[in-house]
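Each chain is listed here by its residues.
Protein chains: 2
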Amino acid sequence: MTDTQDRPAQPSDVRPGEVTTELPDGFDAGVFFIGRLRTPWMQRQDCPRNARESTAVCTIELDARYARALTGVETCTHLLALYWMHEARRDLVIQVPRHHNEPRGTFALRSPVRPNPIAASVVKLLSIEGTRLTVIGLDCIDGTPLLDLKPYFTSTDSVTDAVVGWHAAHKE
Amino acid sequence: MTDTQDRPAQPSDVRPGEVTTELPDGFDAGVFFIGRLRTPWMQRQDCPRNARESTAVCTIELDARYARALTGVETCTHLLALYWMHEARRDLVIQVPRHHNEPRGTFALRSPVRPNPIAASVVKLLSIEGTRLTVIGLDCIDGTPLLDLKPYFTSTDSVTDAVVGWHAAHKE
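Just so you know, the sequences run in chain order Y and D.
Position 88 (the first sequence) corresponds to 88 in our numbering; numbering is contiguous.
Position 130 (the second sequence) corresponds to 130 in our numbering; numbering is contiguous.
To be clear, the hints were calculated from the coordinates, so they are not data collected in a lab.
Some hints here could point you the wrong way.
[Stated by the list, open to error] Computed cross-link-like contacts, DMTMM-like style, restricted to lysine to aspartate or glutamate with a CA-CA straight-line distance of at most 20 Å:
#1 D:K124 with Y:D161
#2 Y:K124 with D:E129
#3 Y:K124 with Y:D91
#4 Y:K124 with Y:E53
[To be verified] Derived contacts from chain D toward chain Y, CB cut-off under 8 Å, selection only:
#5 F27
#6 F33
#7 H99
#8 G105
#9 A120
#10 L147
#11 G165
Ideal Cβ positions, reconstructed from N, Cα and C, are used throughout, including at glycine.
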């Protein structure tokens, strides 16, 4: 457990309109960091607002102990990567994103700030060398811990007509 | 931490051809269970093989402390649900799924057995009443712990031409 995981809420981090909740006293389960994401972005404010805005080639460095778990991954064109947004606070239920400026519930946003700061991004797999995967489609800071890789199945993971109503209205 | 999270590897659970790895001594971060999934399936063998095979109406029961985080979720047609496959072992790197019968790497499979047993499913949102969400698209046993809900954006989450080569070859 690092300092950042457990750091108490910083009142100065809360913008006007944002609301916190009291988190439970203890965790219910533990995760392993199974690798690291290497990206061109060193700070949160440098990251693309979403992964499809960037064509940057990034690297996923998987820990050696999981090397054999990549067997068959080379046949996949796309993967679902889950990673741990280790710099995010966890207690906000209402947030005011910098680029929208209106209060929204945490579960209506893709913000890294959430009770479990797990990000999910679809990446395009370019190549694998040993335990290094070269991909396009990440949006996080360099050094972000990896939690999981999954094959992306269009049959189950793709919905072509999903609507996020608040976002669609915002763009109009 | 429950017993099932920490239970040691059971040699009898490993099928011929399966390979384990030694997991790290400790966890790197902790997760909160933020709710429970209510489904019609009481045991793993009853669950649909994937979520799109089922049209069963299920319920997501979110803990009351996160109620306000649902603000705006009612405008979404689809959500990405992350949940914790709490009955799965975590140390297999090569697995022989019952219905494929060929060894594959863990990261080439959607099996619940993985270093971090986090499942990701796209669900169709039917309605919200308080902290109960009625959805279609879950595939897990009743009582599975919820980790996160995210708005599903077709623009970033949908890839319509992804190929999982080993799976496509298997079906031919």
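Taking the hints in turn, this is what the structure says about them:
1. Straight-line distance between C-alpha atoms of K124 of chain D and D161 of chain Y comes to about 11 Å, which keeps the hinted pair within the 20 Å bound.
2. Using a Cα cut-off of 20 Å, the hinted pair K124 of chain Y and E129 of chain D is violated, with the two alpha carbons roughly 37 Å apart.
3. Our distance criterion of 20 Å between C-alpha atoms is broken by K124 of chain Y and D91 of chain Y, whose separation comes to about 32 Å.
4. Only pairs whose Cα atoms come within 20 Å are accepted, and K124 of chain Y paired with E53 of chain Y is accepted, the gap being roughly 13 Å.
5. Proximity of F27 of chain D to chain Y holds as hinted, the smallest CB-CB distance being about 3 Å (cut-off 8 Å).
6. Hint status for F33 of chain D relative to chain Y: holds, with the closest Cβ pair at about 4 Å, below 8 Å.
7. Hint on H99 of chain D is violated. Least Cβ distance to chain Y is approximately 15 Å, over the 8 Å limit.
8. Here the hint on G105 of chain D is kept, as its CB sits about 3 Å from the closest CB of chain Y, short of 8 Å.
9. The beta carbon of A120 of chain D is positioned within 8 Å of a beta carbon in chain Y (closest approach about 6 Å), and the interface hint is therefore held.
10. The beta carbon of L147 of chain D is positioned within 8 Å of a beta carbon in chain Y (closest approach about 5 Å), and the interface hint is therefore held.
11. Because the beta carbon of G165 of chain D sits about 3 Å from the nearest beta carbon in chain Y, less than 8 Å, this interface hint is met.
Violation of the numbered hints given earlier is confined to hints 2, 3 and 7; the remaining hints are satisfied by the structure.
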